[in-house]
Amino acid sequence: MGVNQITANALVQQLGGQLRGDDVLITNITSLRQANRNDISFLSNPRLRTEAQASRAGVLIVTEKSAEILTGRTLIVTDDPYLYFARVTRLFHPRGRPKAGIHPSASIAATAQIAPNCEIGAHVVIGERTIIKDNTRILAGTVIEEDCTIGQDCFIHANVTIYHGCQLGDRVELHSGCVIGADGFGMAWDKPNNQWFKIAQTGAVVLGNDVEIGANTTIDRGAIENTVIEDDAKIDNQVMIGHNGKIGAHVAIVACTGIAGSTEVGAYSVIGGAAMIGGHLNIPPQTTIGAATAVSHSIKESGHYASIFPLQKHNDWVKNAVHIRHLHEMNQKIKKLELQLAKLTSHLTDSQE
Amino acid sequence: MGVNQITANALVQQLGGQLRGDDVLITNITSLRQANRNDISFLSNPRLRTEAQASRAGVLIVTEKSAEILTGRTLIVTDDPYLYFARVTRLFHPRGRPKAGIHPSASIAATAQIAPNCEIGAHVVIGERTIIKDNTRILAGTVIEEDCTIGQDCFIHANVTIYHGCQLGDRVELHSGCVIGADGFGMAWDKPNNQWFKIAQTGAVVLGNDVEIGANTTIDRGAIENTVIEDDAKIDNQVMIGHNGKIGAHVAIVACTGIAGSTEVGAYSVIGGAAMIGGHLNIPPQTTIGAATAVSHSIKESGHYASIFPLQKHNDWVKNAVHIRHLHEMNQKIKKLELQLAKLTSHLTDSQE
Amino acid sequence: MGVNQITANALVQQLGGQLRGDDVLITNITSLRQANRNDISFLSNPRLRTEAQASRAGVLIVTEKSAEILTGRTLIVTDDPYLYFARVTRLFHPRGRPKAGIHPSASIAATAQIAPNCEIGAHVVIGERTIIKDNTRILAGTVIEEDCTIGQDCFIHANVTIYHGCQLGDRVELHSGCVIGADGFGMAWDKPNNQWFKIAQTGAVVLGNDVEIGANTTIDRGAIENTVIEDDAKIDNQVMIGHNGKIGAHVAIVACTGIAGSTEVGAYSVIGGAAMIGGHLNIPPQTTIGAATAVSHSIKESGHYASIFPLQKHNDWVKNAVHIRHLHEMNQKIKKLELQLAKLTSHLTDSQE
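Protein chains in written order, with the working numbering: chain A, 1 to 353; chain B, 1 to 353; chain C, 1 to 353.
Just chain A, with the same shape it has in the complex:
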């Protein structure tokens, strides 16, 4: 259980930062706009300074620079107010601890090994030879097939599915409805029989430590090698990672993004949301791919990339979009005009000499 209230003074003793102004009892964390005198809020975006000045928050977490203009009130000064605020949220609302025990309705295979301090919810199913390490919580309705390894301190929410042979590191969090290790989309066209022939997907999925996977996200097992999500990668809801993908450490992938098979995303990159990334591509470390952006070839140089069609009123779109189909022609016309004009100018200059 987290704290219910804490004084500003006790807070800086625990989390650091410098207290300015009167001590205040903090009972709640909230937004600048909604805050009242026992609430703590934060100012990280300088554009919200006016809003911060108007806020009735009892305590504001701010940078030294912002502190200068927020006089006469209680402040906690820190280099990174957003991170400080994050730490405060976790102080009030720490991650739940497992209620040790296996619910009687859970179905646990005879050869599964579950650490005694784990929490296994109602109707959970654990397959043969699967190992669940210390302090891990698995909520109701989740199915973990055979030959999986789940690390320590993991938090697997309700109605998750993990196919056979997948491996999770420590402190992994999986949200409801996500599917780890379904077959990759691999098939050969069987010409003699005029039908698709399914390729066995013999790899698995390996998730590193501190990985978080959002609700209804799917990460397919590898065709031959494993699909790998490295340490501290954070993946939002409804993301799709194709077979044999490699997602580097600390990568953040925003919701609704799809990454086709065998693509590698370098460490510390930020992708999406709703980005659409082709297969067999390479995205270098520390790359940013904008929301709703389609990536159809590898990127050679780190940087910030985008490709969205600009929003317009529908009538304007109808008028403008049609020309996209003729850009090549339009370009040819411009070239021709340039040539004609150059010729004409040169002709006139000649005739006037």
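These aren't lab readings, by the way, just hints derived from the structure by calculation.
Worth double-checking, as some hints may not be accurate.
All copies of an identical chain are treated as equivalent in the list; a pair is satisfied when it fits inside any one copy or across any two copies.
As the list claims (entries may be wrong) - Here are the computed lysine to any residue pairs in the SDA-like style, where the Cα-Cα straight-line distance is at most 20 Å:
id	residue 1	residue 2
1	Lys313	Ser296
2	Lys336	Pro94
3	Lys319	Phe92
4	Lys198	Phe92
5	Lys65	Gly21
6	Lys335	Arg325
7	Lys133	Gln152
8	Lys333	Leu344
9	Lys133	Ile114
10	Lys65	Arg20
11	Lys191	Arg90
12	Lys336	Ser346
13	Lys246	Gly96
14	Lys198	Pro98
15	Lys313	Tyr268
16	Lys133	Gly96
17	Lys335	Gln14
18	Lys191	Gly16
19	Lys333	Thr345
20	Lys99	Ala115
21	Lys300	Asn38
22	Lys246	Gln195
23	Lys65	Leu32
24	Lys313	Phe92
25	Lys246	Leu91
Based on the hints, put chains B and C in the right spot on chain A.
Just chains B and C now, kept in the frame of chain A:
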């Protein structure tokens, strides 16, 4: 149970509208193309008048205007044939009634309160202190965590997940695989430790009355304030609503649309499908966002917006799309040509004066 | 159970092809890059010939043409190395056989009919009058509602949901989290009551033989007629098929694609991933729709279509994308320049005659 058959005469007595022509026994509702003499169908799109004339439907629901050209057959005349048709479908196929009772395999927490006329399916899990009001149906495999409130006459299909603390109004329908209240995608970069630091998501999700949520849709809980879906909003399959979103009353969101965090969609708007809407934006009431459209900034004025790249044969696309990367340059060339031509014309005019 | 090892000689006796070079014991299938002397790999893309030459694979599956340059090693020569490789994967990893029996925690309706050699996993729910034919496997947590028919040799993974009245052919494979037969998104605006009126979705979903459906994919039931997926269609993860859609035989739909209601996709087409296809459209057989492509009107002629906005550095995108909103204007300017220049040229020619 719905009706199995009804005469056209009895139908207008029940649902209104004006009967023209002979009375007909109606046993089925179907499309203009498939209809036979005991079937009822409707004409709402004037472009289908020829198809309506050719249809063998025993009864047609039409407007007064269409009635003029559909002589010699049985018609039901009404202002809004599509709505009338909708009412007929519900007469034949009303929403199922709960079969009161809790399946013996369901796992109900001791402090949960479930109205006695509710239907609770096999392997359903209901958490501590959760309240389920009158006549609500919860189908097999659904998990509702602790401290939720589910209104009257709700219909929650199989394998839904509702995280702790969420609130549903009355007559809410949730389709299979949807996840209500998973954590929003909130984390701060923890520079000193070179890793992400998760921000506790302390808000919940609040769904108003008459909300419908499609299969595998995800609606994240708020970071601080709640994520709110107002009365009668209708959300299709595989939609993603980020944390702190506010979806106004009567909004319709078509499948595969993603709306990032803290975005507000005004009442009566229609969005998508596959629309991609950024975070912290404002979309005014009664706005239409076209399918596959990316919205990256707030919209000031209601209207119909679009932004899709027009479809082409792949070879044409290759030829044309490359120029998009040089539109700025192309525009500069046009400006230069205009200047040169103006100069030349003026020079010639001068020299001829 | 599949084979653990096989000699190259025994392999060609079983699967055909021509063995060249020394016989080799094969214990594993892997990529060119990772292969060692007891591994088999394949060369199907001629661009990987250098990689094949460098590979340490004990056996390579190749075409006659590639065989010419891969001298001095063990080869299996065949017309279609990719298909041959697919067959080898299935030899080593055949589809699992059902472990006949119904798990005691499964909840089976009294009137359901389940063939005795079926495998029914833990916490599975089968509704009234549903029929499950020979050798079908249904894994844990799956819910199949009433009045469904599931063919022979189907493989339904964990946590799948199938709504009432749906029909599956033989050898259908459904991955976890997919939802078959949820209500289509159909409602009429009820003007008198200022709210949406739901249209009963009275059709079902019919899946042909050999259909495969990916994880978290949703296929909605028809409004009136059925939604139909024909034989051997292969649908990847997180795909959405709207109500009344018709997907032709042997169609492949890559992940994250959405196809709105009543659209027909002709046989042998390949769609997506992340393609966005509107409703009431017709896509002819043998059509390819590129990844991330939006289709907003019917296609008349088979071919390869695309519509993605080309990727750019964000700063270049900002500079270029703005001109899209003025393409019509740009085009007008070019027309004007052409006219002016033509006039000027003609004027000059006249004056010089």
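Here is what the structure says about each hint:
Within a single copy, Lys313 and Ser296 get their C-alpha atoms only as close as 28 Å, which misses the 20 Å cut-off; across copies the closest is 14 Å, which meets it. For the identical chains of this complex, Lys336 and Pro94 are neighbours neither inside a copy (68 Å) nor across copies (63 Å), given an alpha-carbon limit of 20 Å. In this assembly of identical chains, the alpha carbons of Lys319 and Phe92 never lie at most 20 Å apart, being 54 Å within a copy and 45 Å across copies at closest. For the identical chains of this complex, Lys198 and Phe92 are inter-copy neighbours only, at 13 Å across copies versus 50 Å inside a copy, given an alpha-carbon limit of 20 Å.
Taking the closest pair of Cα atoms, Lys65 and Gly21 come within 20 Å of each other only inside a single copy of the chain (16 Å); across copies the shortest separation is 75 Å, beyond that limit. Taking identical chains as interchangeable, the C-alpha atoms of Lys335 and Arg325 lie at most 20 Å apart whether they share a chain (18 Å) or sit on different chains (17 Å). For the homomeric pair Lys133 and Gln152, the shortest alpha-carbon distance inside one copy (5 Å) is at most 20 Å, but the shortest distance between copies (39 Å) is not. In this assembly of identical chains, the alpha carbons of Lys333 and Leu344 lie at most 20 Å apart whether taken from the same copy (16 Å) or from different copies (17 Å).
For a Cα distance limit of 20 Å, the shortest separation of Lys133 from Ile114 inside one copy, 6 Å, qualifies, whereas the shortest one across copies, 36 Å, does not. Taking the shortest Cα distances, Lys65 and Arg20 sit within 20 Å of each other inside one copy (13 Å), while across copies they are farther apart (75 Å). Taking the shortest Cα distances, Lys191 and Arg90 sit within 20 Å of each other only across copies (17 Å), while inside one copy they are farther apart (58 Å). For the identical chains of this complex, Lys336 and Ser346 are neighbours both inside a copy (15 Å) and across copies (16 Å), given an alpha-carbon limit of 20 Å.
Taking the closest pair of Cα atoms, Lys246 and Gly96 never come within 20 Å of each other, the shortest separation being 30 Å inside a single copy and 28 Å across copies. Taking the shortest Cα distances, Lys198 and Pro98 sit within 20 Å of each other only across copies (19 Å), while inside one copy they are farther apart (41 Å). In this homomeric assembly, Lys313 and Tyr268 come within 20 Å of each other (Cα to Cα) only across copies, at 18 Å, whereas the closest approach inside a single copy is 36 Å. Proximity of Lys133 and Gly96 under a CA criterion of 20 Å is satisfied intra-copy only: 17 Å inside one chain copy versus 28 Å between copies.
In the homo-oligomer, the alpha carbons of Lys335 and Gln14 never lie at most 20 Å apart, since the shortest distance is 68 Å inside one protomer and 62 Å across protomers. In this assembly of identical chains, Lys191 and Gly16 lie within 20 Å of each other by CA distance solely across copies; the values are 15 Å between and 68 Å within a copy. Taking identical chains as interchangeable, the C-alpha atoms of Lys333 and Thr345 lie at most 20 Å apart whether they share a chain (18 Å) or sit on different chains (16 Å). With identical chains, the CA atoms of Lys99 and Ala115 are at most 20 Å apart within one copy only, with a shortest distance of 12 Å there and 28 Å across copies.
In this assembly of identical chains, Lys300 and Asn38 lie within 20 Å of each other by CA distance neither inside one copy nor across copies; the values are 51 Å within and 36 Å between. Taking the shortest alpha-carbon separations for Lys246 and Gln195, only the inter-copy value of 18 Å comes in at or below 20 Å, while the best intra-copy value is 30 Å. Taking CA atoms no more than 20 Å apart as the test, Lys65 paired with Leu32 passes inside one copy only; the shortest distance there is 18 Å, against 57 Å between copies. Taking the shortest Cα distances, Lys313 and Phe92 never come within 20 Å of each other, neither inside one copy (45 Å) nor across copies (41 Å).
Taking identical chains as interchangeable, the C-alpha atoms of Lys246 and Leu91 are never at most 20 Å apart, the minima being 34 Å within one chain and 27 Å between chains.
When held up to the earlier numbered hints, the structure conflicts with 2, 3, 13, 17, 21, 24 and 25 and fits the remainder.
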